[in-house]
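My request is simple: use the sequences and hints to build the entire structure.
If you read the sequences in order, they're chains A and B.
Just so we're aligned, residue 1 is where the first sequence starts under UniProt numbering, counting upward by one.
Just so we're aligned, residue 1 is where the second sequence starts under UniProt numbering, counting upward by one.
FYI, nobody ran anything at the bench for these hints, they're computed from the structure.
A quick note: this is a predicted structure, and the numbers were derived from the prediction, not measured.
Backbone N, C-alpha and C fix where the C-beta goes; we use that ideal spot for every residue, glycine too.
Do not take every clue at face value.
Unchecked claim - Calculated from the model, a selection of chain A residues having no Cβ within reach of chain B, i.e. all distances over 10 Å: (1) GLN25; (2) ALA29; (3) ALA124; (4) PRO208.
Said to hold, decoys possible - Chain A side only, calculated, beta carbon under 8 Å to chain B, not exhaustive: (5) THR254; (6) PHE264; (7) LEU265.
What the hints assert, rightly or not - Okay, the calculated bits of chain A under chain B, using three or more residues with CB under 8 Å as the criterion: (8) 153-159; (9) 182-191.
2 protein chains.
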Amino acid sequence: MSRLADIYPADRVTLREVGLRDGLQLAQALPSTEAKRAWLAAEAAAGVRHFEVGSFLPAARFPQFADIDAMIAACDAAGAHSAALTLNERGIEAALASPVDELVCVVSATEAHSQANMRRSRAAAVALVARAVAERDARAPGKLVNAGIAMALGCSLSGDVAQDEVLALAEACLAAGADIVGLADTVGYAGPAAVGALCARMTALCGPRPYIIHLHDTRGMGVANAAAALDNGARVVDASLGGLGGCPFAPGATGNVVFEDIVFLAESLGHPTGIDLGGLRAARAIAEAAMPGEAFHGALHRAGPPANAHWRA
Amino acid sequence: MSRLADIYPADRVTLREVGLRDGLQLAQALPSTEAKRAWLAAEAAAGVRHFEVGSFLPAARFPQFADIDAMIAACDAAGAHSAALTLNERGIEAALASPVDELVCVVSATEAHSQANMRRSRAAAVALVARAVAERDARAPGKLVNAGIAMALGCSLSGDVAQDEVLALAEACLAAGADIVGLADTVGYAGPAAVGALCARMTALCGPRPYIIHLHDTRGMGVANAAAALDNGARVVDASLGGLGGCPFAPGATGNVVFEDIVFLAESLGHPTGIDLGGLRAARAIAEAAMPGEAFHGALHRAGPPANAHWRA
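Have a look at this one:
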């Protein structure tokens, strides 16, 4: 676990920027590679150390990720940790052949979503995690394998999701060798009570090993859910600059929880992030200019932190 | 306390709509009285029972509240509880002569803000609460007196605010005879740790007597702060439809915490509100049409609650 502890220290909060991946999945106007590089560089200069830079998918169908090699290189040049989605065998192959630091496999919390979204059972998805781990061990032992559990707090197809099932899946992913597991409220169904309860159980399951909480602000609960997660032991939180990232299952909905607001939240709860809000403002300006048709969300960026008070706990 | 307990039951959550007061203070395009009536009626039909309908101020300088008598009548006609700000002796006089159900006096948490905003000391503001109570007792014993403590979680002039001072002021307001005290994060300085800590102490101070938490979403913490307040015993929460209500001390900032999102939050935490989200959507459409230049916020209204899952705890 030593490499994992270097990347995701158990004793502090890590914020992962997922906007360059999740935020671009449904974007209307795709930013240029040059703009994405500038956005990443500005956010890295602000102190962000972890980026999901894309997804290993066919460039013809997913042009937003056609430049994934360039984005991995940009992340590396910025001295930050790069992660990319690997949704099938070909994605895993491509990731292992690339310099990306972290493979992100996805497992659905429900059988219905697993079949509909990835045309495989949950068991087959866990087996794919095991395969990624085995090939990583053989060919690129320095990389991390992340297993993200989609729909972990409610499913657009199946509705309620039993926390017992999510925890069993998390345990199966860890048993398959995943370095880190993520819990995703993919469609923003949860309130803070559900997030807090799931994180408390996940904290107990993982012990000193960190796990990721991935939240969407679809119903305005994003920051409250992040607070509940942090209060219950989560130490790695996904977010996106300006809350980029709509949801295919909730048209017009807001996207990921807003990165800037999460920095303020974490610091106010006594978790230093090492991230400069002024620097995030500069990064946001780049992203906004590069994606003129996109809705950017959040409140902190408008008001800035209190100028005359101690807002860090 | 029996009248108080009828209006603000201690054993359930009450949401107060402050948009017709706080939401109009800085509005660019003022809605017509007819539109405001329709907005209030639609929200009342959705189950909202408590409205701040305006402020007793000179109509020439505050045209947005010139129709306060009509709005009190509209609230009464809807069978809902009406409250209005009374910022000075004349306001108290006017309120007592009107059929409004609740007088809202304002006390600043800091001496600097009290002097700058109301040109009186905090002690004089508490004395004004006592005067409102005495005159109410003599002339209109059915009305409630509410004392709202502005800047209770941080001050645009003084910065940090000691919770000891806020609690001492709350105690002074109660000793002056106020039926209910409100704690306001007027400029949205706080995160959930500060809100939770203050509410825990306020819950201990007030015992079975309810108090109000009034939150602004200036830095995106509104819903998280409301969750912390509810988790620590607050049972009356102010909010405004679409988060209307900018802040004079934070230009461009978002306003009050979003009513629709707070309904979802409260229900998800196991607090039934009796409020129908579809009905709120209809009310919002009226308000949006009446205030075309205004920014409406929130996320729940776009996505709606999960259609296929139990989102109420």
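Evaluation of the provided hints:
no.	hint	result
1	GLN25	holds, 17 Å
2	ALA29	holds, 20 Å
3	ALA124	holds, 25 Å
4	PRO208	holds, 24 Å
5	THR254	holds, 5 Å
6	PHE264	holds, 5 Å
7	LEU265	holds, 6 Å
8	153-159	holds (count 6)
9	182-191	holds (count 5)
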